[in-house]
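Taken in order, these protein sequences are the chains called V and R.
Number 202 marks the last residue of the first sequence (this note's numbering); no jumps.
Number 202 marks the last residue of the second sequence (this note's numbering); no jumps.
What the hints contain is simulated information worked out from the structure, not anything from laboratory work.
Each residue gets a CB set at the ideal place from its N, CA and C atoms; glycine is no exception.
Incorrect hints may have been included.
[Claimed, not checked] Using C-beta positions, here's what the derived DEER-type ranges look like:
hint, chain 1, residue 1, chain 2, residue 2, range
1, V, Arg-201, R, Asp-182, 43 to 53 Å
2, R, Glu-25, V, Asn-175, 42 to 52 Å
3, V, Gln-193, R, Arg-146, 25 to 35 Å
[What the hints assert, rightly or not] Reference excerpt, derived from the structure (chain V facing chain R, CB under 7 Å, subset only):
hint, residue
4, Glu-65
5, Ala-75
6, Glu-94
7, Phe-118
8, Lys-120
9, Gly-121
10, Asp-132
There are 2 protein chains.
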Amino acid sequence: MKLYDLKAGMNPRRVRIYLAEKGIEVPSEAVDMMKGENRTPEFLRINPLGTLPVLELDDGTVLTESVAICRYVEALKPEPNLFGRDPLEQARVEMWNRRAEIELMRPLVEQFRHLNSFWKGRQAQHADYGEDQRRQAIRAMEWLDRELASRPCLAGDRYTIADITAQCAILLGKNTGAPIPDGLAHLKRWWDQVSARPTARA
Amino acid sequence: MKLYDLKAGMNPRRVRIYLAEKGIEVPSEAVDMMKGENRTPEFLRINPLGTLPVLELDDGTVLTESVAICRYVEALKPEPNLFGRDPLEQARVEMWNRRAEIELMRPLVEQFRHLNSFWKGRQAQHADYGEDQRRQAIRAMEWLDRELASRPCLAGDRYTIADITAQCAILLGKNTGAPIPDGLAHLKRWWDQVSARPTARA
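Work the whole structure out from these sequences, hints included.
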């Protein structure tokens, strides 16, 4: 297997943290988006969408989409479990992973893409939409703070893929002008705990 | 089990088509968003996010997020299979389901929410962002047309949850000013086939 990786990328980070939690090392190749390496004919033959990360299997099969990659690895090596053990826990983990993506990660990505100078000239930026999304991201953090008042992790008592998603989203917000607001003690406690894991800087 | 449903909703439709494909009937209760029934204190106690669909289990456990609901049912009743049978097929189905969501469904939803008069006064609308998203949705259809040139369904030879996602997205586009453009023969062939399934109007 080979992982096409991007050190600073939020989605590649999700997969790296996941693999570190599983104790799996996968050979990787850095693809520098700043230099357009994800838009070369060679890379587009591997992934026509040009997105990262990409997992290439030994037979040449290509998997994209962070959670699809992680779920594949989970099936090959079920422990330590990060996707849930029985149908109900699996559904709850999927629900919370998707809530973290839709409610938290998406507006944090959007405020980054529409407000940050990094994206100027790389895509059309709509500042008023970006401001809306930043407010939406803060509302999502307030909601998660209420949820985390009653349990240690997003999907229940233990760390799962849903926490990895939320953790990578919060890190993006922290680095792009949308940090956790003061006063959200439960979310802050969760963030301190997930950030202290040995895998957090994978 | 009870399904909180919304007849006209794209996500509730995903779950209804899925359940029809599985041959499962679940008692349902209509929640009328137009009347704000998803924002009553009673409903927000069930799902604080106010989204639909929601699956309530007999013990009161609540599942939200369409794909989490479907995956839970898939674990209880694996056949007919709609999520993949082995780790690699499961990963490929997840990859294509997510690509359908991210590349196709999301811009189609966004152009609807930011351009359509239905949403006026219900949320802030940014027309220039909406126009960008409509163009993005058309590019996604052109890309899917190229993909479907070489296989019958999104994730391979057979109909899966990835096709249900794309089908519900395309139907939304059709009803909101972003239909499949002329000339995309492969995507049109796929659309004609999925629309002709007995479950398409579930």
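Checklist entry - Looking back at the numbered hints, which does the structure fail to meet, lowest number first? => result Violated hints: 3, 7, 8, 9; rest satisfied.
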